[in-house]
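J.: Sequence:
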Amino acid sequence: THRLQAILDTVPERPRTVSIPAGRYCVGTIRIPSNTVIQGAADGDTVLQLLPGTNDHLLTNADHQGGNHNIEIRRLTLLGTAADQSRSTGDDRVNFCSAVYFNRVTHARLTDLRVCDARQAATHFTRCDDILLDRLSCRRIGWSGVSTSGTFRIVVANTRIVDSGRDDVHSAIHLDGGGDAVVQCTIRECTGHGIMLDSEFAPFDGVVVSADIAHCRCGIAVRGHRNHELGNVLVRQCAIADNATGIDLTNAKHVVVDGSVVRRSERRGLSFHGHRPCTDVVVTNTTFEGNGRDVGGTDRVVRGHFLGNDPPETNALGGLGGVAEVEYDHAGTCSVCGRQTVFAHTGGSIRESFRCAQCRASLRQRGQAYAVVDLYAEDAQCLEGLCREPGFRALRVYEPGLAGPFREYLAGLPHYVQSYNWDDLALGETRDGIVNQDLQSLTFQDGSFDLVITSDLMEHVRRPYAGFAEIRRVLKVGGRHVFTIPVAVPMASKTVSRVDTTTDTDIPLLPARYHIAGDGGRSLVYTDFGKDLLADLREIGFETSVHIDTGVPTGPPCLTFVCKKTEGSPTT
Numbered sequence: 263t264h265r266l267q268a269i270l271d272t273v274p275e276r277p278r279t280v281s282i283p284a285g286r287y288c289v290g291t292i293r294i295p296s297n298t299v300i301q302g303a304a305d306g307d308t309v310l311q312l313l314p315g316t317n318d319h320l321l322t323n324a325d326h327q328g329g330n331h332n333i334e335i336r337r338l339t340l341l342g343t344a345a346d347q348s349r350s351t352g353d354d355r356v357n358f359c360s361a362v363y364f365n366r367v368t369h370a371r372l373t374d375l376r377v378c379d380a381r382q383a384a385t386h387f388t389r390c391d392d393i394l395l396d397r398l399s400c401r402r403i404g405w406s407g408v409s410t411s412g413t414f415r416i417v418v419a420n421t422r423i424v425d426s427g428r429d430d431v432h433s434a435i436h437l438d439g440g441g442d443a444v445v446q447c448t449i450r451e452c453t454g455h456g457i458m459l460d461s462e463f464a465p466f467d468g469v470v471v472s473a474d475i476a477h478c479r480c481g482i483a484v485r486g487h488r489n490h491e492l493g494n495v496l497v498r499q500c501a502i503a504d505n506a507t508g509i510d511l512t513n514a515k516h517v518v519v520d521g522s523v524v525r526r527s528e529r530r531g532l533s534f535h536g537h538r539p540c541t542d543v544v545v546t547n548t549t550f551e552g553n554g555r556d557v558g559g560t561d562r563v564v565r566g567h568f569l570g571n572d573p574p575e576t577n578a579l580g581g582l583g584g585v586a587e588v589e590y591d592h593a594g595t596c597s598v599c600g601r602q603t604v605f606a607h608t609g610g611s612i613r614e615s616f617r618c619a620q621c622r623a624s625l626r627q628r629g630q631a632y633a634v635v636d637l638y639a640e641d642a643q644c645l646e647g648l649c650r651e652p653g654f655r656a657l658r659v660y661e662p663g664l665a666g667p668f669r670e671y672l673a674g675l676p677h678y679v680q681s682y683n684w685d686d687l688a689l690g691e692t693r694d695g696i697v698n699q700d701l702q703s704l705t706f707q708d709g710s711f712d713l714v715i716t717s718d719l720m721e722h723v724r725r726p727y728a729g730f731a732e733i734r735r736v737l738k739v740g741g742r743h744v745f746t747i748p749v750a751v752p753m754a755s756k757t758v759s760r761v762d763t764t765t766d767t768d769i770p771l772l773p774a775r776y777h778i779a780g781d782g783g784r785s786l787v788y789t790d791f792g793k794d795l796l797a798d799l800r801e802i803g804f805e806t807s808v809h810i811d812t813g814v815p816t817g818p819p820c821l822t823f824v825c826k827k828t829e830g831s832p833t834t
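Position one of the sequence shown corresponds to residue 263 (this note's numbering), numbered consecutively onward.
Errors might be hidden in some of the hints.
Unchecked claim - Pair by pair, the computed Cβ-Cβ distance ranges are:
id, residue 1, residue 2, range
1, Q327, D442, 35 to 43 Å
2, K756, L394, 34 to 42 Å
3, E491, R293, 34 to 42 Å
Note that these hints are calculated values from the structure, not bench results.
Where is the CB? At the ideal position from N, CA and C, for every residue including glycine.
I would like the entire structure built from these sequences, with the hints used as guidance.
T.: Take a look at the structure:
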């Protein structure tokens, strides 16, 4: 740290270049003066890691008060030490610490940077002007990959941000105040918003966004503040998929959404909010597909124009199509425990919310229980009652997994089997009454069970079709596999493998996605299922039907799949 800082401080101020050879260097905060280029090795193997115990930025400009100019950073990997930063002061307070922090910098170029494990922002710019970020790659970022406050003329190009906003609040890219910005990026797995355009710090005027965004709370959020206007926003040629909300506009004016695709938003594809209406909004040549509702909150927009979109219903205000907006609470009877209660949406995924106050069954689980009751009940109206009926009690029922509300009731059946997959236990052995099984290679005899229940499990099976085939094998003829998997409504056309499992080594094909496992750990998602699953199940030897439950009166339905084992050998 001292040697590098000494070089920066003593070289005469003219365009100076400091080249750092390939290698891994643990450094404290480096303060960069004006007219400086810092570059790593041409092969990209220069790594700067923040020294453990440093509760500060990794790279910053030298003069935060007077400002600096003409700074370039090239070809570096920057590693934070998030755990050390969070406790190095000896208390719970964490100073603002980013991998790169510039304050009052004019004309900066940051190219070919990789940033990982930053406790807060990967890059932050306060009151800066004329900033270029090109080929920035960020992973495991506590706050934002790119964050600004009152910064003008910033260009974010060829940038990819994965696994950011880990505190559930911050966005992968957050531009607050300023203007004349251009953003072209790919964003995956942000627990906050993908891109947040904000005017809390200062007015914001002028931004062009072209982005591929998936698996965020909101794809693009445009949030005008009460005291500062936000306007002149162009969202162009964006692909926004699998977010809770696609695009959210609040207190914004002069917004154009053009040539974009908004798919599989749990709530709305395009939403309007705010204490004052959004004004002069144009949505044109944009496709809305598989959203909970395509467009909502249109009472909060003035002079909105919808032209040339797909579906056509989105082209006229007042007839926007899509599913009606989700209610936030409703009364009903739980199909698991039978209790009459009020189901409330408390945030997050719709299918995992609306939980029963007694048994904590989610909307998805109650839809699956209703399918089982519908298949097997004589008089019962819920799973609890079904488990007391003699006919159902005579069945041999197998349920893989540890978590979920069904086990409290199914465990009382005389022929109920529960399993989990532990790496440190031989297949077929038991632990605490639970048998160790791998769904791809079950140890049960052929025709052992009448009913198999899996709940959001098959997407985690390394080779899911081997799992489906094994479940068919251990079912009796006429036996059923009743299962749920996370799918959009309507379902995507094709199943997508997220991981190549053709060899013994997993090879990622898409950014890793995890769900919470039954033991509280993380479980990798191997497969995103599509409509072609039904044909694949038929080839395996199942007759498959889909049970559709509208557990929220005006919300999207939950799908439960019911596979019945047919006679004869599977089609090969």
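J.: Taking the hints in turn, state whether each one holds.
T.: So, going through the hints one by one against the coordinates:
A hinted range of 35 to 43 Å is violated for the C-beta pair Q327 and D442, which are about 25 Å apart. In this structure, K756 and L394 meet the distance hint of 34 to 42 Å, their C-beta atoms being roughly 38 Å apart. At roughly 36 Å, the beta carbons of E491 and R293 sit within the given window of 34 to 42 Å.
The structure fails to meet hint 1 from the earlier list, while all remaining hints are met.
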